[in-house]
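J.: Under my numbering, the sequence shown has 21 at position 21, and the numbering climbs by one with no breaks.
Hints listed in this document are in silico derivations from the structure and should not be mistaken for laboratory results.
Keep in mind that the hints are not guaranteed to be accurate.
Stated by the list, open to error - Straight-line alpha carbon distances no greater than 30 Å define the calculated DSS-like cross-link-like pairs of lysine-lysine that follow:
hint : residue 1 : residue 2
1    : 29        : 67
2    : 67        : 103
3    : 53        : 27
4    : 157       : 67
5    : 207       : 103
6    : 185       : 205
What the hints assert, rightly or not - Each pair of labels, with its calculated beta carbon distance range:
hint : residue 1 : residue 2 : range
7    : 171       : 13        : 41 to 47 Å
8    : 194       : 56        : 48 to 54 Å
9    : 190       : 74        : 19 to 25 Å
Quantities reported herein were computed from a predicted structural model and do not represent experimental measurements.
Beta carbons are placed, not taken as given, at the ideal position from N, Cα and C, and that holds for glycine.
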Amino acid sequence: INGEVPVVAMEYRMHCRNGHWKWVLSKGKVMQRDEQGNPVRMTGTINDITDRKLAEEKIRFLSYHDKLTGLYNRAFFEEEMYRLDSPRNWPLTIIIGDVDGLKMANDFHGHHMGDRLLARIAEILVSACRTGDVIARWGGDEFAILLPGADEENARKVGERITRLCSLHEDLPVKPSLSWGSATKEGETPSLEALIRRAELEMYKKK
Numbered sequence: 001i002n003g004e005v006p007v008v009a010m011e012y013r014m015h016c017r018n019g020h021w022k023w024v025l026s027k028g029k030v031m032q033r034d035e036q037g038n039p040v041r042m043t044g045t046i047n048d049i050t051d052r053k054l055a056e057e058k059i060r061f062l063s064y065h066d067k068l069t070g071l072y073n074r075a076f077f078e079e080e081m082y083r084l085d086s087p088r089n090w091p092l093t094i095i096i097g098d099v100d101g102l103k104m105a106n107d108f109h110g111h112h113m114g115d116r117l118l119a120r121i122a123e124i125l126v127s128a129c130r131t132g133d134v135i136a137r138w139g140g141d142e143f144a145i146l147l148p149g150a151d152e153e154n155a156r157k158v159g160e161r162i163t164r165l166c167s168l169h170e171d172l173p174v175k176p177s178l179s180w181g182s183a184t185k186e187g188e189t190p191s192l193e194a195l196i197r198r199a200e201l202e203m204y205k206k207k
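Whole structure, please, built from the sequences with the hints as guidance.
T.: So this is what it looks like as C-alpha cells:
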C-alpha cells in the first residue's frame, strides 16, 4: 500500500472451521492508484500450500533423524554436542552404547529381525532418559546419548535403567542388550573428541 514493494507475499496458517489448520500463501499487489497515489484497487490470491509445507517438514525431519529408529542421527547429535558444551550444561556426559547380538539376529533370523532389535533398543533408550537428553543412532549398531547437567553418578543410573529395561523384553528371538560406556567433562577439558574416545573405550571393555 505504501509502494515500498511491488508485490507482497506471506505464508501463514489459517484455522479452518472443522478445527484443522492449513498453510496458505497469500500474494497481493496494488493495481490502481488515484491522482494522489492512494490505492483504489488491489488484487491478490490465497493458495493452499499445506502439502508443500508437510513435505518440507518431512525433509527437515529426515535430515536430522534416523529413518529406522526415529532417533536423531549422528549429524544432529554432533551439532547438539558442540552447542551444549558450555558452562551452564557442565557436567556434560556422553554415553556410547553398542547393541549386543545384532549380528546373530541378522544371520539367524534375517535383517528384518535385526531392524526390530534396533528399533526396540531405541524405544528403551527413550524410556530410560530424560526429556532434555539427546539420543541418537551413532552408527550401524551404536547409539549415543548426550546428558547435559549430568555427572558420572547420573550416567551410571541411566545405564543401569537401560540394562534393567532391556531385561524386561523377552518377546524377541534375540533379547535386547546394550554394552555401554560413559565419560563426563566438568569444565573446559577434556575435549569432546577425547570424551567420546573415553566413553567408547569403556564400552569396549564391557563388551
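J.: If you check each hint against the structure, which ones fail?
T.: The structure breaks hints 1 and 8; every other hint is satisfied.
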